[in-house]
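Chemist: Numbering (the numbering used here), first residue to last: 8 to 989.
If you're looking for bench data, these hints aren't it; they were derived computationally from the structure.
Because the structure is a prediction, the values reported are computed rather than measured.
Accuracy of the hints is not assured; some may be wrong.
Claimed, not checked - Restricting the straight-line Cα-Cα distance to at most 25 Å, the calculated cross-link-like pairs of lysine to any residue (SDA-like) are: (1) 395 <-> 368; (2) 759 <-> 636; (3) 353 <-> 857; (4) 248 <-> 264; (5) 587 <-> 636; (6) 584 <-> 368; (7) 284 <-> 250; (8) 538 <-> 579.
Claimed, not checked - Simulated restraints, written as ranges between beta carbons of each label pair: (9) 154 <-> 400: 42 to 48 Å; (10) 69 <-> 341: 43 to 49 Å; (11) 436 <-> 225: 51 to 57 Å; (12) 436 <-> 978: 42 to 48 Å.
Note that the Cβ used here is the ideal one computed from N, Cα and C, for glycine as well.
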Amino acid sequence: PCRMEFFGDEVDSIRHFDLLSQRSTDKLASLSISPARELVLSRDTLNKGLAKIEENLSKAINKSKNPRDERLKEKVWGLIESIGEDVFYKKLENYFPFFYPDKKTVLDYTDPSTLIVLDEPSRIRESFESWEQGFTEQFKALLEDREVLPGQSELFIDYGEFLSGIDRFNQLALQALPKSVPDFAPKSIYNFSSRGIPFYHGKIDVLVEDLKYWRAQKYSVILCAGNTSRAQNLVSDLFDKGIEAVYSPGMEGEVPQGQIIVLPESISLGFEYSEGKFALVSDKEIYGVGKSKKGRAAPSKKSKLDPFTDLKVGDYVVHETHGIGKYLGIETLVVNDQKRDYLNIKYRGTDRLYIPTDQVDVIQPYIGMDDKPPKLSKLGGGEWQRTKNKVRQSVQKLAMDLVELYAQREAAQGFQFSPDTPWQRQFEDMFPYQETPDQERAIEEIKRDMESSKVMDRLLCGDVGYGKTEVAIRAAFKAVMDGKQVALLSPTTLLAQQHYNTFISRFEEFPVKIQVLSRFRTPAQQREILKALKQGNIDIIIGTHRLLSKDVSFKDLGLLIVDEEQRFGVGHKETIKNLKKNVDVLTLTATPIPRTLHMSLIGIRDISIIETPPEDRLPVQTYVVEYNDALIRDAIMREVHRGGQIYFVYNRVRSMERMAERLRKLVPEAKIRMAHGQMSESVLEQVMLDFYDKKFDVLICSTIIESGLDIPNANTVIVYDADYYGLSQLYQLRGRVGRSNRLAYAYLTYRKDKILSEVAEKRLRAIKEFTEFGAGFKIAMRDLEIRGAGNILGPQQHGHMAAVGYELYCKLLDEAVKKLKGEETKETVDVTIDIKVNAYIDNDYIPLEGQKIEIYKKIAAIENLQDKYDVEEELEDRFGDIPSSVANLVDIAYIKALAGRFNIVEITHREREVTLRLADPKAIDSRVLMIILNENQNRLRYEGRRIPRLRIGLHNANPTTALAETKDILEQMQKIQDEQHK
8 PCRMEFFGDE VDSIRHFDLL SQRSTDKLAS LSISPARELV LSRDTLNKGL AKIEENLSKA
68 INKSKNPRDE RLKEKVWGLI ESIGEDVFYK KLENYFPFFY PDKKTVLDYT DPSTLIVLDE
128 PSRIRESFES WEQGFTEQFK ALLEDREVLP GQSELFIDYG EFLSGIDRFN QLALQALPKS
188 VPDFAPKSIY NFSSRGIPFY HGKIDVLVED LKYWRAQKYS VILCAGNTSR AQNLVSDLFD
248 KGIEAVYSPG MEGEVPQGQI IVLPESISLG FEYSEGKFAL VSDKEIYGVG KSKKGRAAPS
308 KKSKLDPFTD LKVGDYVVHE THGIGKYLGI ETLVVNDQKR DYLNIKYRGT DRLYIPTDQV
368 DVIQPYIGMD DKPPKLSKLG GGEWQRTKNK VRQSVQKLAM DLVELYAQRE AAQGFQFSPD
428 TPWQRQFEDM FPYQETPDQE RAIEEIKRDM ESSKVMDRLL CGDVGYGKTE VAIRAAFKAV
488 MDGKQVALLS PTTLLAQQHY NTFISRFEEF PVKIQVLSRF RTPAQQREIL KALKQGNIDI
548 IIGTHRLLSK DVSFKDLGLL IVDEEQRFGV GHKETIKNLK KNVDVLTLTA TPIPRTLHMS
608 LIGIRDISII ETPPEDRLPV QTYVVEYNDA LIRDAIMREV HRGGQIYFVY NRVRSMERMA
668 ERLRKLVPEA KIRMAHGQMS ESVLEQVMLD FYDKKFDVLI CSTIIESGLD IPNANTVIVY
728 DADYYGLSQL YQLRGRVGRS NRLAYAYLTY RKDKILSEVA EKRLRAIKEF TEFGAGFKIA
788 MRDLEIRGAG NILGPQQHGH MAAVGYELYC KLLDEAVKKL KGEETKETVD VTIDIKVNAY
848 IDNDYIPLEG QKIEIYKKIA AIENLQDKYD VEEELEDRFG DIPSSVANLV DIAYIKALAG
908 RFNIVEITHR EREVTLRLAD PKAIDSRVLM IILNENQNRL RYEGRRIPRL RIGLHNANPT
968 TALAETKDIL EQMQKIQDEQ HK
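Between the sequences and the hints, there should be enough to build the whole structure, so can you do that?
Modeler: Set out below in C-alpha cells:
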C-alpha cells in the first residue's frame, strides 16, 4: 500500500507503508493509478451518451406534470456539467444503458471452452426472480419520486438473458436434493447418495456399534478427533472396546479398506458414502457441540417459548420502529474510532439501516401469511406508523373478546381438590424412573390449579417421550382420591389401548377401577361399561371420541385429560369446549398447533412445559433422501443386525400389499407384516401386539402409528413419499422411534426425479434441521412460517398479521391484553455505552455468518455473571482463546445488564473519568448508594442536583481501564443490593 501527501493540489510525497505498524518505509518517484470503475468512456461514447440522457430527460418531463420534475432536471444537468468538465462523477455507472445500449456481461468475454458451474440452479432462479421483483419495486418508487430517468431501468440483464448467456457453455449443476429443474436439461445425471453421520455426544459405545458395522462392510474410515490428545485417547478407548484404530498426525494417500484412521483434525461435518465404502466422522459428531459443563440449569425467568429465529442473508425482518426490511448480512464499520459489527437492513428504495449487533434482539424474522415476499417499508415515512396503528386498533377489539373469555373462566367456580394424601405420595414413589426437573415443575403447577377453586384449563407441552403421560397419571390419581371420575380422551383406538395398558400397570397396587371404551370393545361390553360409568363404578375411563357421544354420562366427572386435541374434528372440539366450562381440563400435546401456541405465548392459557429429555436419551438421526432400494435395504439390515425393529410408513392402503412384496424381495432376511386402519379391529390389534412382542422385524403401516404407540425396540422409521406429509405429522412419525437409550434413525424419502414443491422442500429441510431434543416448539414455529401464519385468530385478522408480521402482531395483542387486565408493561431500560473500545467478532475468529448471529444473540441475552461465564466457556470450547475485541463485547453486554438493574441509561468515558447517568434520583436505593460511595471514597462521587450522575475517577485515560473500572463498580453495587435484600 502507498501513502500520498498533498500540498494543496500538488503531490508532495509518495511513500510505501507497512500495514501492521502503519509506518512509512520507502519513497517512490511516481505511481500509476488505474481507474477502478466499470465504465471507461472515450470522448465520442461520452458525448453520445450525454445526448441520450438529455433526450430521455425531456421525454420524461414532457409526459408528466410532476412538481418534483425540477429536482430531476437539476440532478441530471449537474451530472452533464460535471462530466463535461471532466469531474469524477461517482454514480456514473447508474447511467450505463445510455453509454452502452448493448448489455455485455462477463459471459461475453469468457472463453467458450469454460465450464460454468451452477450451485443449486433452482435457488439461482429464485434469487434472480426475487432480485428482479425487488429492483422493479425499488425502481418504480424512485421513478415516482423523480430520482431516476426511465431509461435507467435497462441497467441489468434479466433471468432469460442470463440463460441465453450461459447456453453456449458446458454446464455442471450441483444440487443437494436430486430433482429435475425447469430451464436445465442435463445430458447425464450423477447421484452421489451419501448421508450424514449421527451425533454420538461422546457416547463411545454407540460409535463402536457403527464402527463394527463399517468394519464388517470393509469401509475405509477416518475419525477426526479435534486435537492430538483427544485423538490418542480415542485410539486407546476404541482398543479397550475391541476396535483397532491407527493414529496418524496427517493424511497422505488412501485409507486401506477395513482400516480406521484417527486424525488430530477438526472438521464441521462428516458423511458416509456407502457406494464407495467410505465414512468420515467429525469431532463435533463424536463429542457433540461444546456445551456448558454444568448440571441441569435452574428454570429461567424468561419465557421458554422465545420465538425461533434462524436469520439468513436475504430473509425479511421486522423492526418495531422502522418496519419491514431485508437482512443483507453483517458489516464491520468504524464509527467514532470504534470498530463494531452492524446488521445491514435494506428498506424501500436506497434506504439502509445499520443496527449494532448488541441490539440484535430489536429485529424479528418476518412470518407472514404465505410464501409471497412482503412489501418493504420506507425509512422515515409515516406509512409504517399508520399500518401499526391500524393493526393496534384491530387487536384491541380482539383482546377485549379474549380477556372476557379468560375472565369468565377465572370466575367460574370449580371443584377444589384436597392437598396430597399419603397414598398420593406412596403412588408417586412407585414411579420407576427419576423425574426430570420440568416434570416435577409441571406436576406442581397442575396440583396447584386443582387445589384452587377455579376451573383448571392447562396445556401440558412436551416432546414425544418426555413423560407427559406420567404427569397426567398423577393428576388422575389425585382426582380419584377425592372421589371424582377421570376421562382420558385419545385420538386413536390403538393409542387409547396403550394408555389403558399404561394406567392398568401404574395403578395395579391401588383399588382404582379403570376401563377403556373403543372399537376394540363389543357392543355388549360397551353397554356394560356405560352403565358402570353412570353409576360411578368406574373411576377412570379411557377412550376415543366415542367418549363424546350423547349416550355417555358420568356420575361425577372431575378431570378431563385430552391427548393431542388438534387431531379431533371441529364437532368434537366443540363438545370438549362445553365440557371445559365446569370440569378441570388438562390438554397434552407434543407439537402445539399455532392457535394453542399463540394463546400460550400471551398468557391467555395456563401452560406447563417439559423441555428436559430423560437421562441417556439420544436424538433421532434424520436423513432426507431420494428413495433408493440399496439405501432402504442397508437401513433395514443395519437395524435387524442389532436386534431392532423397523416402521415402514406407506400411506396408500390399496397398493400396500405390492409394496410389502417389493420389500420382501429386497430384504428376504427380514420378517414383514402390514397394519392399516381398514383392517378389522381384532386383526389390527393382533398385528400390533405381535410387533410389540418382537415376532417380526418390519411393520409396513399407514399413519395410524403417528399418534404415540410406544414400542421401545423399534428404532428405525422409513417414511415413503415424505413430501406429502405436514411438518407436525413428520415430527410425530419420527417420534415413534428413539424411545430407548439406543441411537434411532429416521429416513424421510421422496421418489426419484420428483420435483419437490418449495413448501415440501422447506418442510423436509426443517425436520432434518431440528434433530435436537425439545424441537417441538421450533417445529410448530417453522410449520407456522411455511404454511403462512394462516388461521390463528379468524379470517378478519389475516391482513393485519401480513402487514406487520406474526411476531409484532403477537406483541401488539399481548400489550392490548395486559392493558385491559390492568397489568403494567414494564419498559426495558435501554443503556447507551460510549467507551471507545473495539467490540466485534473478527472473521478470523468466527468466519461463518450464521454462527456469528447465533453468538451475538447469546451475548445480547447476558443477564448476570453466570450467563457471562456460560458464554465465555462456550466461546473457548468452540472457537478457542477469546480475542480482546470479543471479550470487550461480552463485558459491554454484562455491564448493560447490570446498569439496567439500577436504571442507569448512559455510560460515557471522557479522559480520566467515566460518567454513569441515572434515569431519575430514586433509581438507586439510598442505602446501596451510601455504602458504595463510602467504600470507594477516593474514586467515586455522586451528583444529584438536576440530572443524577455517578462519576468514576480513573488512574489513566485508557478505554480498557474505563471498561474494567465500570464493571467493578457495578458488580460492587449488585453485591451490596443482594446483601440488603437478604
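Chemist: If a hint holds in the structure, say so; if it does not, say that too.
Modeler: Right, here's what the structure says about each hint:
Taking the CA atoms of residue 395 and residue 368, the gap is about 19 Å. The hint holds against a cut of 25 Å. With a CA separation close to 11 Å, the supplied pair residue 759 and residue 636 stays within the 25 Å bound. A distance of roughly 18 Å separates the Cα atoms of residue 353 and residue 857; the hinted pair therefore holds under the 25 Å criterion. Restraint check for residue 248 and residue 264: satisfied, since their Cα atoms lie roughly 20 Å apart, inside the 25 Å limit.
Of the pairs offered as hints, the one joining residue 587 and residue 636 is violated, with about 50 Å between alpha carbons and a cut-off of 25 Å exceeded. The straight-line distance between the Cα atoms of residue 584 and residue 368 is roughly 38 Å, outside the 25 Å bound, and the hint therefore fails. The suggested pairing of residue 284 with residue 250 holds, with an alpha-carbon distance near 18 Å, which does not exceed 25 Å. With a C-alpha separation of about 22 Å, the suggested pair residue 538 and residue 579 falls inside the 25 Å cut-off, and the hint holds.
For the pair residue 154 and residue 400, the supplied restraint of 42 to 48 Å is violated, since their beta-carbon distance comes to about 34 Å. Judged by the Cβ atoms, the range 43 to 49 Å given for residue 69 and residue 341 holds: they are separated by roughly 47 Å. The hint said 51 to 57 Å for the Cβ distance between residue 436 and residue 225, and at roughly 52 Å that hint holds. As the Cβ distance of residue 436 to residue 978 is approximately 44 Å, the hint placing it in 42 to 48 Å holds.
Hints 5, 6 and 9, counting from the list given before, are not met by this structure.
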